[in-house]
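A.B. asks: Read top to bottom, the protein sequences are chains A and W. Numbering-wise (the working numbering), the first sequence opens with residue 7 and increments by one. Numbering-wise (the working numbering), the second sequence opens with residue 34 and increments by one.
Please keep in mind that the hints were generated in silico from the structure rather than gathered at the bench. Some hints here could point you the wrong way.
Only pairs whose alpha carbons sit at most 27 angstroms apart, straight line, appear in this in silico DSSO-like list of lysine-lysine [to be verified]:
#1 Lys295/A x Lys298/W
#2 Lys119/A x Lys46/A
#3 Lys292/A x Lys196/W
#4 Lys298/W x Lys294/A
#5 Lys109/W x Lys303/W
#6 Lys33/A x Lys303/W
Predicted model only: the values in this text are computed from it and were never measured.
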Amino acid sequence: MKPAERLKIPPTPMPEQDPAERIHNVKEVPLGYTPEMAMKEAQRCLQCKTPFCVEGCPVGIDIPGFIGAIEEGDFRKGVRILKQKNLLPAVCGRVCPQEEQCQQVCTIGKAKKDPCKAVMIGKLERFLADWERENGEFETPPEVRKTGKKVAVIGGGPAGLTVAGDLIKYGHEVTVYEAFHKAGGVLVYGIPEFRLPKAIVQTEVEYLEKLGVKFRYNFIVGKTAPVQNIVEEHDAVFIGTGAGLPRFMRVEGENLLGVMSANEYLTRANLMKAYSFPYTDTPIVKGKKVITVGGGNVAMDCARTALRMGAERSLIVYRRAEEQMPARLEEIHHAKEEGVEFHLLNNPVRLIGNDDGWLTGAELIRMELGKPDASGRRRPVPVEGSEYVEEADALIVAIGNSPNPLVPASWPELEVTGWGGIIVNEATGQTSVPGVFAGGDIVLGAATVILAMGHGRRAARAMNLYLSSGKWEDLESALSLCRAEVR
Amino acid sequence: MHEILFKERLGPDITLYTFHAPDVAAYRQPGQFVLMRISEDGERIPITIADVDREKGTITLIVQSVGKTTLELAQKEVGDSVPDIAGPLGTPTHIEKVGHVLCVGGGIGTAPLYPVAKAMKEAGNRVTSILGARSADLLILEDRMREVSDSIVITTDDGTKGKKGLVTNAIQELVDSGEKFDQCIAMGPPIMMKFVCLLTKKLGIPTIVSLNPIMVDGTGMCGGCRVTVGGEIKFACVDGPEFDGHLVDFDEMMARLNTYRSHEKQALEKFSDHSGCKLEASLKGGK
Chain A
7 MKPAERLKIP PTPMPEQDPA ERIHNVKEVP LGYTPEMAMK EAQRCLQCKT PFCVEGCPVG
67 IDIPGFIGAI EEGDFRKGVR ILKQKNLLPA VCGRVCPQEE QCQQVCTIGK AKKDPCKAVM
127 IGKLERFLAD WERENGEFET PPEVRKTGKK VAVIGGGPAG LTVAGDLIKY GHEVTVYEAF
187 HKAGGVLVYG IPEFRLPKAI VQTEVEYLEK LGVKFRYNFI VGKTAPVQNI VEEHDAVFIG
247 TGAGLPRFMR VEGENLLGVM SANEYLTRAN LMKAYSFPYT DTPIVKGKKV ITVGGGNVAM
307 DCARTALRMG AERSLIVYRR AEEQMPARLE EIHHAKEEGV EFHLLNNPVR LIGNDDGWLT
367 GAELIRMELG KPDASGRRRP VPVEGSEYVE EADALIVAIG NSPNPLVPAS WPELEVTGWG
427 GIIVNEATGQ TSVPGVFAGG DIVLGAATVI LAMGHGRRAA RAMNLYLSSG KWEDLESALS
487 LCRAEVR
Chain W
34 MHEILFKERL GPDITLYTFH APDVAAYRQP GQFVLMRISE DGERIPITIA DVDREKGTIT
94 LIVQSVGKTT LELAQKEVGD SVPDIAGPLG TPTHIEKVGH VLCVGGGIGT APLYPVAKAM
154 KEAGNRVTSI LGARSADLLI LEDRMREVSD SIVITTDDGT KGKKGLVTNA IQELVDSGEK
214 FDQCIAMGPP IMMKFVCLLT KKLGIPTIVS LNPIMVDGTG MCGGCRVTVG GEIKFACVDG
274 PEFDGHLVDF DEMMARLNTY RSHEKQALEK FSDHSGCKLE ASLKGGK
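For reference, chain A alone in the conformation it holds in the complex:
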């Protein structure tokens, strides 16, 4: 097929559950490509000689490679190519912000001047991962020679799972220490079932177990055992404990009943399956009119979860305008389709309750956009005298998370930034403590799954070199030397 012909093929939309129907269930919203749809979409890829998409991918997946395999109809081959670089394709295909990464630099997208019209890389990635899961056996990579080195991974989220998967393939003995009773981190407690079915995460974790990764659940490093023990018992340690410290607004009335952090709301709904209460035991506040404060993906997740929990009205209150919302376009689009109301350029100044301490409403103030701030976005400024009361019986605070202080607090030698992020060498993930690496949201603050996985990948490579050479100093230059040799 000629490039001009490929360019003419329109993007293949993925079928989705009808909005009116889906707000009454927690099943996944996009239903996935059929093999025919995937092969048609794969034809749109120009197989560029210089694939910008690969550079746009934080873990450097051979994107034209796996898309080529789909076009040929050789899905097994596609899976193999995909899994060389990405252990969690079923997850990333669903939750990566492709429009800001691979699809943003895709030649087709550039030609159409819209990353949403680029080759649907994420959807194709998801297709292959789903195909593998639905078509029987996972291929396990060939046995590797054991090195006898022991690695501890603290935190079983996206960064930790990536490190575990990579290091087990290098032949090291890997143990993941997970505080919860399930591995997956934000993939299981945060991202809702309708966006990422938990069975998928479970399959990926089981795959790692099959490779030999050991999981220690309910193990809170720094509490269940001192960090020093973990360091002494292992040859290298990776900290991937995430951004699990919810920020609150610090306004009057924030401790009223019915006011909760996004982490609490989503953990109850997802990890603890409160959507099935009373068939499961964990309750959740079911507001009739729910306000979610914030403009990121987490806020969209909360507002959409509220609808599924039976809210008659679900409102997003965000202090900036829609253009400045950090949420993915797809999430905003899905939320709107489902009837989430967007109250933009509004900010809560205080929360109001009744005599029993239950929330009855939020006093909001209108905002307007002023001059750009440090983030480059125009700073929202309150409009004096514009306060009004919006009634609500539940309010979810989704204004972000800070790195979880539990591990750093019990580890004085570990250097952290003013906002609590662990300080690392960006190329290697090395912390201030020899033998200890870190990555993901504990370093970045609240970021994305794929960035955490990118961190994990880089740290794993450095950890492998450290484990074989025993040299902590100059690991970064040794690493670039290695890469040069490979090339």
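Got chain A; can you put chain W on it based on the hints?
C.D. replies: Leaving out everything else, chain W in the frame of chain A:
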């Protein structure tokens, strides 16, 4: 899985369990708690650790059956298991020799109080204890508390044992009789802790309380357990569970405990119905 190795009924709805949990036992210190899940669809409930045996790798928990989960737990027997016990969590009690320590335990609150009283005694303090309950059958750990206390006062609301009255009456009487306390540790129902704190503040006795608000993860991640202490938001799971009682906003904390009251009722009704059905079925089967 964590097997129940020992079970003993301490009162009408109060049960002592010893669980196999070597990871939790290994580094646990007084004042810490666990989060337990008793089934695959279970909720995570916080329970203070009453005692541990490191050599045997066991922990002792004392639980009052008040809701669906704790009732279901009470139906488990020695040899049964629960899937998850995570911990030890929370900041341990600050133990030091201060002189004369007053330990006040109300009802089930004596369970978390016991390890702290014991540690305070071992640190060389003189320990006076007041144990209170609504009624004699709700008093627990009296013998064990006696072992670690230099003197002990029992109070019951209905006068079925010890002095009739509240623990606050007993505190006032001790102070009136000339006793001087350098530190008070109060653990029990929030309303008891509130009134103990009001009194000890007046009497000028520094007071530590152990709070048990609603929790999910216990690692500072959800903020469900937030309490106002000295005008600041604190997370009981990581900043506590023990706080300076004179600074705690008890009214707010007690209100927040009601968040899921209707859910708790619903879960309990469903559980009772289900248990009732089973009972009925077994009766029919017997005929």
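A.B. asks: Quick one, are lysine 298/W and lysine 294/A close enough, alpha carbons at most 27 angstroms?
C.D. replies: holds, 20 angstroms
A.B. asks: Is it true that the CA of lysine 292/A sits at most 27 angstroms from the CA of lysine 196/W?
C.D. replies: Not OK: lysine 292/A and lysine 196/W at ~45 angstroms, beyond 27 angstroms, violated.
A.B. asks: Regarding the pair lysine 109/W and lysine 303/W, is the alpha-carbon distance no greater than 27 angstroms?
C.D. replies: holds, 18 angstroms
A.B. asks: Holds or violated: are the alpha carbons of lysine 33/A and lysine 303/W at most 27 angstroms from each other?
C.D. replies: holds, 26 angstroms
A.B. asks: Checking one constraint from the list: CA of lysine 119/A to CA of lysine 46/A, max 27 angstroms. Satisfied?
C.D. replies: holds, 21 angstroms
A.B. asks: Within a Cα-Cα threshold of 27 angstroms, do lysine 295/A and lysine 298/W meet the stated pairing?
C.D. replies: Holds, at about 23 angstroms.
Going through the hint list in order, the structure does not satisfy hint 3, though it satisfies all others.
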